[in-house]
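Chains A and B supply the protein sequences, listed in that same order. Position 119 of the first sequence, counted from 1, bears residue number 119 in our numbering, the numbering being contiguous throughout. Position 107 of the second sequence, counted from 1, bears residue number 1107 in our numbering, the numbering being contiguous throughout.
Everything labelled a hint here was simulated from the structure, so no lab data went into it. There may be inaccurate statements among the hints.
[Unchecked claim] Far from chain B, some chain A residues (derived; all Cβ distances over 10 Å):
1) E10
2) D46
3) T70
4) E135
5) A159
6) V177
7) R182
8) E191
9) A210
10) S239
11) V244
[Claimed, not checked] Per label pair, the in silico range of CB-to-CB distance:
12) D170/A - G1082/B: 15 to 25 Å
13) M235/A - A1066/B: 41 to 51 Å
14) E5/A - G1166/B: 40 to 50 Å
15) L229/A - D1243/B: 27 to 37 Å
16) P98/A - A1066/B: 44 to 54 Å
[As the list claims (entries may be wrong)] Partial selection, computed: residues in chain A whose CB lies under 8 Å from chain B:
17) V50
18) G73
19) A95
20) G139
Don't be surprised by glycine CBs; every beta carbon is placed ideally from N, CA and C.
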Amino acid sequence: MSTFETIKYEKDGGIASITLNRPGVLNAYNMQMRDEMYQVLEAVQDDPEVAGVLLSGAGERAFCAGADLTEFGTAPSQVIARQVRWERDVWGLMASIPQPMVAALHGYVLGSGVEIAALCDLRVAAEDAVFGLPEVTLGMVPAAGGSQTLPRLVGRGVALEMLLTSRRLDAREALRVCLVHRVVPRERLMEEALGLLHRVLSHPPAAVRAIKEAVRRGADMPLAEALDLEWRLAMALASGRGIVKS
Amino acid sequence: MTPLAVHGNMGPDTYQIASHRLSPMPAGKVVFRRSGGVVYLTLDRPRTGNRLSADMADALLQWCPALDQDPTVRLVVLTGRGACFSCGWEPLRPGQGPVRAAGALAAVHKPIIAAVNGDCTDQGLELALACDIRVAVPEARFGLTHTAHGLIPWDGGTQRLSRLLGPARAMEMLLLAELVDGQQAYQMGLVHRLAESGELWDVVEEVASRILGGASVALAYAKEAVHHGMDMTLEQGLRLEADLNFILHSTSDRAEGIRSFLERRSPRFTGE
Chain A
1 MSTFETIKYE
11 KDGGIASITL
21 NRPGVLNAYN
31 MQMRDEMYQV
41 LEAVQDDPEV
51 AGVLLSGAGE
61 RAFCAGADLT
71 EFGTAPSQVI
81 ARQVRWERDV
91 WGLMASIPQP
101 MVAALHGYVL
111 GSGVEIAALC
121 DLRVAAEDAV
131 FGLPEVTLGM
141 VPAAGGSQTL
151 PRLVGRGVAL
161 EMLLTSRRLD
171 AREALRVCLV
181 HRVVPRERLM
191 EEALGLLHRV
201 LSHPPAAVRA
211 IKEAVRRGAD
221 MPLAEALDLE
231 WRLAMALASG
241 RGIVKS
Chain B
1001 MTPLAVHGNM
1011 GPDTYQIASH
1021 RLSPMPAGKV
1031 VFRRSGGVVY
1041 LTLDRPRTGN
1051 RLSADMADAL
1061 LQWCPALDQD
1071 PTVRLVVLTG
1081 RGACFSCGWE
1091 PLRPGQGPVR
1101 AAGALAAVHK
1111 PIIAAVNGDC
1121 TDQGLELALA
1131 CDIRVAVPEA
1141 RFGLTHTAHG
1151 LIPWDGGTQR
1161 LSRLLGPARA
1171 MEMLLLAELV
1181 DGQQAYQMGL
1191 VHRLAESGEL
1201 WDVVEEVASR
1211 ILGGASVALA
1221 YAKEAVHHGM
1231 DMTLEQGLRL
1241 EADLNFILHS
1251 TSDRAEGIRS
1261 FLERRSPRFT
1271 GE
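Extracted from the complex, chain B is given alone in its bound form (with noise of 0.2 Å):
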């Protein structure tokens, strides 16, 4: 399966939102794709590196809270149309407010793949940390240069990146402001896997099967598990855990897990 290459058709199940917005090129897009109950957003605007601009920002803002809202989607997978991710910065422009968008990726509670096709800098990076699951090819290259600029990142790197990597990983990309490449990003834990060149989606697409087999509030609950319980004391944490179990009690996906289990069958989640 390639999505990249259909990932220009906008068919009839798409959101009729911000439509408006995704005609002028320059201005750059946000692709939307479904397949299943999976959302592919394809960051498109090429000829600057799919660097995020302030159309492509609304496409997110509005996307965002759509599709989380939205039952039959289960999974988002993030992606960028051509060679690069997404690097740099729109240029900040005086009386406006600077472009920002992974706030809205991280307010999704269903799970969100970022498919790192190339370069994944600055902005671009700031979106992917707003992600889950990192999968990259060796070739793209990492980081936040923000610092060389006189500037530092506004879209969460500062924090998103430390909290991922410890304090002395992302004190070191911030201050020295260099690129680390695929095989250093996955070293240090900032991508989850590594594909070989041309294998991108295939790792994505198992990725997202293996998403796609657990049931989707247990899903949630995880992911809300660890982010909130990270905010909080472990005490507190521990609790939030117990809560969102005995929660869990009430659905029918738990009790078709524990029989399928007992069965020796695969589960047949309704997302209820």
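Looking at chain A on its own, in the form it has when it is part of the complex (with noise of 0.2 Å):
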């Protein structure tokens, strides 16, 4: 794996540990890191070695204080921008990882940086923790999904009222309207949230894939069909540890 400049990636024990680690802007989020990000989760989705995530951000000041401003407008065309959108989909590839992604939230926690930890699947929150979208103060709306990840976690409701106002949620906030599902004190985040993502990988790693992924498909499916597709998740477990016949 080469070195990265953008991000820090390391593997331990079956957790590979991607840190924003930018910390001099607030970890705002960049092309470069974009680039590096991708390149890192195409890497992880496929290694074996790799249970689960834990995605955090450097410094003391902030997950992800939002996409990098001063690169904005630098795109040709629209056009160039909607093509190098889906050349390198970074977005797409967080959502659709197998692995559990989990989020250890401090400080700063803005745009990109709500939007990023929407696309993991637990959140934990120091308790200085900000949550924001700043984006129609500057003329734009989300681009990393927060207008769809967000309104599917804590409904459109909330999700509206973030959008619309800017209004910035603290940490005890989040965590009422369910857009973190724990908050802990500032020295114990790093500590909390590896330990919740190894109860989760306590689990028999195919058990945790299959739950992810009759959630996530299922939720995109009309009942009756995502109920066929929970059917033949739990059956393919089930005949693989021999409890069933397949």
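Now that you have both chains on their own, put them together as the hints suggest.
In structure tokens:
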């Protein structure tokens, strides 16, 4: 694995740790980070040694304070921008990765920061975390899936309020609206997030992957079709464990 | 600012439509008032709990497309005159279709705040559900009681409530046909902001000023991305969001938003 500049990547005991690593600019997401994230996530999804992923931000002040606006407006045209968006679809990759992903969130979690967190399966926040979507105050809408993932997570009511008013939520409020699953003291963040991931990984990996697939793909299906999907996944696991004959 | 006190004043900047329908008190009216880029629509039929009459529905059906097309209107606030937001429904008469108006509100591309000044039940709640953000006083009660009368809601209640709260909460409200208070409504996510008594308009103005800080096209696209995207698969929704982003590349407000951020100043949006 090559070394990266904008992220840190470590693999230890089945857990891949990805750290957004531009602390000097609050881990602002830029094109290089996109390319490096894409590279690392592509490797992770095919890596049989990686059972789960932990995503966090370097430095004291932020998980990720949003996209790096100094690079905005540099695309030569809308046509090129659209082409590049789907050439390296890092968000689609995150949304479809088979391993469980846990986000450890602290400080500013704004714009793309919220969206990256929303693409993970479980979210643990430090007490100092602040969440917000400031896009409309910049004349934009979210571009990392936030307008789609957020209403699916917290309901369209809360999502609309966050999007239209760009009001910031503190960790407690984020917990209330189920944007995060746990709020923990800042100094215990990494330990708690890792602990949560370890709890998930204490179960057989095939079952964990099947759950992700059932929930993710089932959410886009009519109920009858989704129940069929669940049945097929459950029976495949059961026969794999010798509980039923295939 | 107390918009309720001046709602009766229809200034020269009001739309010249449906005005002939707005006089007879028993039929109720929807009072239209503008303040800058904000349009206040007040359900005004206090003797019957501001319940939606055919004339009021007509007014909403005509005003909503008009204010949607007016580029100077940036935000809509829906409220009720007196003690109620809006309660109950107009008695159903043989040969007459039931009155409906929530669809007209939901079709507006601009943000709509429901300023829930009091009880918000039945068709009143269906109207509030078609708004984007609900701010309420704690004494307001909420519910859809149709089932207790052998009916079901007909202005979007079964669909918008279950999409907003999830099927579990929605089923409970619809099957029990009971009312919940403002605090309960806040806890279940039916209401976004609960105002202290007497401070409804302070909270509404705060939410409104936050929304007015955003660029108009971006606000409309954010609303479109959520509402339309939720009827799609995630993958389709992500494509919709991306395409709306690329269209926004062509707006001067986006360029101004980026410039103002880099120059550490407030943006000056033009709506273009």
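These are the hints, each one checked on the structure:
The claim that E10/A is not at the interface with chain B holds, since no C-beta of that chain comes within 10 Å of its own (minimum 29 Å). With a cut of 10 Å on Cβ distances, D46/A stays outside the contact zone with chain B, its closest approach being about 21 Å. Its closest Cβ contact with chain B, about 7 Å, brings T70/A to no more than 10 Å, contrary to its assignment away from the interface. Its closest Cβ contact with chain B, about 7 Å, brings E135/A to no more than 10 Å, contrary to its assignment away from the interface.
Here A159/A does not stay apart from chain B, with its beta-carbon only about 6 Å from theirs, under the 10 Å limit. Listed as outside the interface, V177/A is inconsistent with that label: its C-beta sits roughly 7 Å from the nearest C-beta of chain B, within the 10 Å cut-off. The claim that R182/A lies off the interface holds: its Cβ sits roughly 20 Å from the closest Cβ of chain B, which is beyond the 10 Å cut-off. Distance check for E191/A against chain B: the nearest CB is about 31 Å away, which clears 10 Å, and the non-interface claim stands.
Separation of A210/A from chain B is adequate, the least Cβ-Cβ distance of about 18 Å exceeding the 10 Å criterion. With a least CB separation of 29 Å from chain B, S239/A remains clear of the 10 Å interface cut-off, as annotated. Remark: the non-interface label on V244/A is consistent with the geometry, its nearest Cβ contact in chain B lying 31 Å away (cut-off 10 Å). For D170/A and G1082/B, the hinted distance range of 15 to 25 Å is not satisfied, since their beta carbons lie about 36 Å from each other.
For M235/A and A1066/B, the hinted distance range of 41 to 51 Å is not satisfied, since their beta carbons lie about 57 Å from each other. Checked against the given bound of 40 to 50 Å, the beta carbons of E5/A and G1166/B, roughly 43 Å apart, stay inside it. Roughly 28 Å separates the CB atoms of L229/A and D1243/B, a value that falls within the hinted 27 to 37 Å. For P98/A and A1066/B, the hinted distance range of 44 to 54 Å is satisfied, since their beta carbons lie about 51 Å from each other.
Interface restraint check: V50/A against chain B, minimum CB-CB distance 23 Å, threshold 8 Å, status violated. The beta carbon of G73/A is positioned within 8 Å of a beta carbon in chain B (closest approach about 6 Å), and the interface hint is therefore held. Hint status for A95/A relative to chain B: holds, with the closest Cβ pair at about 7 Å, below 8 Å. Of the supplied interface hints, the one on G139/A holds, with its beta-carbon coming within about 3 Å of a beta-carbon of chain B, less than 8 Å.
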